[in-house]
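Trainee: Here is what each chain is made of, one letter per residue.
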Amino acid sequence: MHLALFIIFGALCVAGALNLLFQRHPINSALSLIVVMSSLAVLYLLLGAEFLAAAQVIVYSGAIMVLFTFVIMLLNAGAEERTHGSKMAYIAGIPGAAILVALLTFVFLSNRGSFAQARIGDYLVTTRDLSQVLFRDLLLPFEVTSVLILIAILGAVALARKEH
Amino acid sequence: METGFVPFVIISIAKILVVVVILLMSVAYTVLLERKLVGRIQNRWGPSRVGPFGLLQPLVDGAKLFLKEDLMPTAVYRPLYIIAPMIALSCALMSIAVVPFGANITWHGVDLFQIADVNIGLLVILGITSVGVYGIALSGWSSNNKYSLLGSLRASAQVISYELALGLSLVGVVMRAGTFRLRDIVDVQATHGLISWNFFGGFQFVAFFIYLMAAYAETNRAPFDLPEAESELTAGYHTEYSSMKFAMFFMAEYANMITVGCVATLLFFGGWTSPFGHLFDNLLTGIVAQAVLPVFWFVLKVFFFLFLYIWVRGTLPRFRYDQLMGFGWKFLVPVAIANIVVTSLWMGILLPVQ
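Residue numbers (the numbering used here), protein chains in the order written: chain A, 6 to 169; chain B, 9 to 362.
Since the hints were derived computationally from the structure, they do not count as laboratory data.
Warning: the hint list may mix true and false statements.
Which bits of chain B does chain A cover? Going by a derived footprint, with three or more residues having C-beta under 8 angstroms, they are [what the hints assert, rightly or not]:
(1) 122-131
(2) 158-172
(3) 315-322
C-beta: ideal position from N, C-alpha, C; glycine also.
Isolated chain A (complex conformation) (with noise of 0.2 angstroms):
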């Protein structure tokens, strides 16, 4: 059941991001996003991070995205243009991705023996457990994380405000 689930949504996960790069308006390369999020969202919870899978819902899905396709909207931003790209693009890139995906996939394989609390089925963290870790344990960098997003929030003020 689990891993069916799993592999269900793994599928649309990967579906959903390949659509977002094809797609060529960007309203619907933003609800491929959506999906992609949304997605997920539910392997947390197949992993069994109910709280993570639900904040991804509501932060993700329901609070960041609406201001994408906000914006979307606002601009109204119209089809892209399909270009045929440019030679650097196929000569550096493709080797580069290739090198990337190579390097990625050796680290996880190499250090496979460190996921090992992470797997799918009845498993469970709960909120408690959750909050028992952030605000106990690893209290201090959730404090310094927190005045930095202040920090990029003052930033964001500072240079939205209008001169005198």
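Start from chain A and add chain B according to the hints.
Mentor: For chain B alone, kept in the frame of chain A given last:
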């Protein structure tokens, strides 16, 4: 009692069908209730011709919408134009899946009064409502009509802004219960009836009013119905829709209202528990009474919230757009954060350290 896979699936499908049919019927009759009540508020009768007191009006309306011609304007972006009402309606119907309607009574190992009992029930509802805004956003954009586009832009901005206040207002309740599971949240309020409900005994009335206002904005209802402000935008995001596609938006709006009523009942008004607590428990001891009475209380409370929705719609004028944004960001969000701080201080001082 353990049941096999096949009976479990059959009972679950039956349960889903019953819930969806009841939900759609209550959507139809909420529309009638609204027309009747707004009629009375405006000193007229409302629908009264079809059936006694106009009670058959929703069925006739439904038949009319089914039989009408489905117009497709020429310049629309077809795939999204068709898919948008489906997104709106399916998201509206889906969130009812985690709502518990009655006491925890199992029959053949299946929970009778709830479709899915999940640990993160509250978050599931928030997630599904946050995805539901795509229905409105895409419908306006794909209609290729400036009124529709303006309506859907207003809707997206409004929903994103008020989602924050909505989420923050629920934190106090979650802190008191220590869980996102809706059954547990109700059980926390079940001890002494009225006085242990989160609204009264839990001192979460500030959170309740924030939730109510944010939820009205999320469901695009008056006084926050700018996305379909008929005086400025014809009909807002669904201007170009006709027949069943229009009806799907309409049904989604009312189904969302019912969900909001259910969540408000569960989180702040003790769900299916009686306002008298266990005072009259020994009067009604039969298993049927014990199963039906909680559902009765639940329905009564949800009905109260639907009534309130309509009452507010018939009473309050619409916000201006800058007022709407200012109210959401400068008033509701800070008050919700203050509510979290006060609730946690109060819990920290009064409750023993675990």
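Trainee: Are the hints correct? Go through all of them and say.
Mentor: Hint-by-hint comparison with the structure:
no.: 1; hint: 122-131; verdict: holds (count 4)
no.: 2; hint: 158-172; verdict: holds (count 7)
no.: 3; hint: 315-322; verdict: violated (count 0)
Hint check: a violation occurs at hint 3 only; the rest are consistent with the structure.
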